[in-house]
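Novice: Just so you know, the sequences run in chain order B and Y. With my numbering, the residue at position 85 of the first sequence is 85, and numbering never jumps. Plus 1000 on top of the position in the second sequence (first one is 1) and you've got my numbering.
Mixed in with the good hints there might be a few duds.
Said to hold, decoys possible - Computed from the model, here is a short list of chain Y residues facing chain B with C-beta under 10 Å:
hint: 1; residue: R1232
hint: 2; residue: A1263
hint: 3; residue: K1482
Read the hints as simulated data drawn from the structure, not as lab findings. Model, not experiment: these values are computed from the prediction. Ideal placement from N, C-alpha and C gives every residue a C-beta, glycine not left out.
One-letter residues, chain by chain:
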Amino acid sequence: MAADVKEIIRAARGRGSNSLDEPVGKELLASFGIRVPASRVVTSPEELPSAVAALKPPYVLKVVSDEVVHKSDFGAVKVGLKDLAAVERALTEINAALDAKRIGARRWLIEEMAAPGIEVVVGGVVDPEFGPMIMTGLGGVFVEVMKDVAFRICPITRADAAEMLSELRGAALLHGARGRAPVSTDAVIDVLLKIGGENGLLTNSADEIAEIDINPLLVTSDAATAVDARFILQKTAKR
Amino acid sequence: MSVSTRSADSFDALFAPSTIAVVGASATSVAGGNRFIRHLKAFGYPGKIFPIHPSAAEIEGMPAFSSVSETPAPIDYAYVAVAAQQVPKLLRSFAGRVRVAQVMSSGFSESAGGHDLEDELVRAAHDAKIRVIGPNCLGVYSPRARVTFTERTTDEAGSVGIICQSGGLGVDIIRRGQNRGVRFSGLVTVGNCADVRPHELLKYFLASPETKVIGLYLEGAGDGRHLFEALRAAEGRKPVVILKGGRTGQGRRAAASHTGALAGNDEGWKALAAQTGAVLVDELDSFLDALLAFQCLGPRSLPARRAVLFGNGGGASVLGTDALARSGFDVAPLAPGVAAKLQALKLPAGSSVLNPIDLPAGALQQDEGRAAETIFDALSEGGGTDALVIHVNMTVVLSFRHVDMLGNLMNAVLRVKSRDRSGMHVVLVLRSDGDPDIEGPKREYRSRAVAASLPVFDELNAAARALAAVRHFETFRERLAKPALI
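Put together the whole structure using the sequences plus the hints.
Specialist: Written as structure tokens, this is what we have:
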């Protein structure tokens, strides 16, 4: 497993990149047992039919590019696409948006759209004082406006992970506040452990990885799926 | 005879030295080394003191030696206060003759251009196989060994061990702490921590039988990961209180991710407290109050959550209830059986036997304090009280001049504590108006109470915070005691 991480990161560095693009980041998460949507990467519109045929609708189409940091700001993410025709239309629209910004990226990620759930954020950062640290919070305004997050130093235990969730001010939402069904906190805890637990992805690769954002992690009553993932690499590999 | 403890991590030589060398005492004036020798003598240090001086025959009335190789015995602890430039060479001369050296001199990494000299100091320490505390610090205080670096320190030894990165604050901790009843197993100022790092001294205190409670004042960066690992390995063996300076700095990076932008200077320390049971405090008074609480109160296996407030003064009771609630305590009505016992006492008008229990000063004295004792017994026997906070308005209580009302009350508390089987924490809040004729007696009552392991606080919010510190530690130990979740 650790060898995979090194190889993936070496390849990204070889391309002159200081981050992992979304498909590569998700491949890394999947190799650590974190659920990601089934997907295909296509490099031309001609590849769309076979990619769509291999996946279950509805679909999500996103551009893959180091230049596009906030994909949704560019209109570079299209969701709820029902069939091939919709996917092809979306691709044309994304290209137009990219052309307008003079962005030359031409790889796309087509994914099965994850079932609706509660949005959670899981992050990682390598702190100069404490080394690898893991973070979680509830998605959207909870993280961005209220900064309702919990940090722990890696490696964390299962009890640490459970405590991170319970100390969030918005924790009640996970347990089914406002008439909604509760979601699986165990699934979130599993993700936290796979990133920041003993032998977790960040715990073991803090010399290579500087920051991680899994945002959102979509949590349902029985599963948690990493819908978007971003990895920033250390400037140069430490050690 | 030669000594070497580079590999052995025992700091006994620092806290209980049989021989002390002092480098940096003058034959003609009063330098730092002279003051240290005078402090040692005044404090009754029973070991051997060897002043080291290149030319003087005698310093502070004692024979001086030109180097540590000339002294009649090897040196446990060397006090070094010479110009920074001379320090590396001096440390090399300690090889095989000194176990621990403490370098007070400044002019190292704390000042511009001093980094190289500090690197040289570390290399010299390694080469000479000695451990070096500092540089840029003030010294060590160890009442059991009668060693002190400053004046007016009590010679009563205690159980609180302190690692302090600031020399001046170290003096504050000793002086203000001892006036509150904190008694120390040792305090070491560590300055720049060039060689010996805080986590190494933490491990020493965790293992040392004299130390029951550990306090750290830290500033600057660098030792967090090691402290985390040492504390995690300790599994809540001893309570640890951390006062960390510089936690308010804003995010230190131009973060590329959400997570990086959210990670301020404080997040790691808060995480450390949650994951190790260490208590994180924000200022000196909370630090000392938490240390005093841990010195006096053994941790409960079930964390303290339900508090009963007892005292005189309606307003103080209301504010005290708020303070306890804010600190996470439940100030709930008394159990029916307990309430019935209190009602049967037929206390005077103006009393309230709900929770808070609010008695006018006169009622505190009913039956020479036996009414209060009956109440404490009822709380102790009735269950449902994890922490009893007794607050006294001293101005009012001392105005009853014909009786020792507070003395009677304290004796009642101590009698009940001696037969209490509920394990409730009992703390005392002595509220003063600051007049000298109140402060004097308060001081005496405080020292009597703390000597009997009844911690005393100046205000209700201070008591609430200190109890919350104890509960944080108890909660962590309870979590550890549960079967593993993995």
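Novice: Which of the numbered hints are not met once you compare them with the structure shown?
Specialist: none
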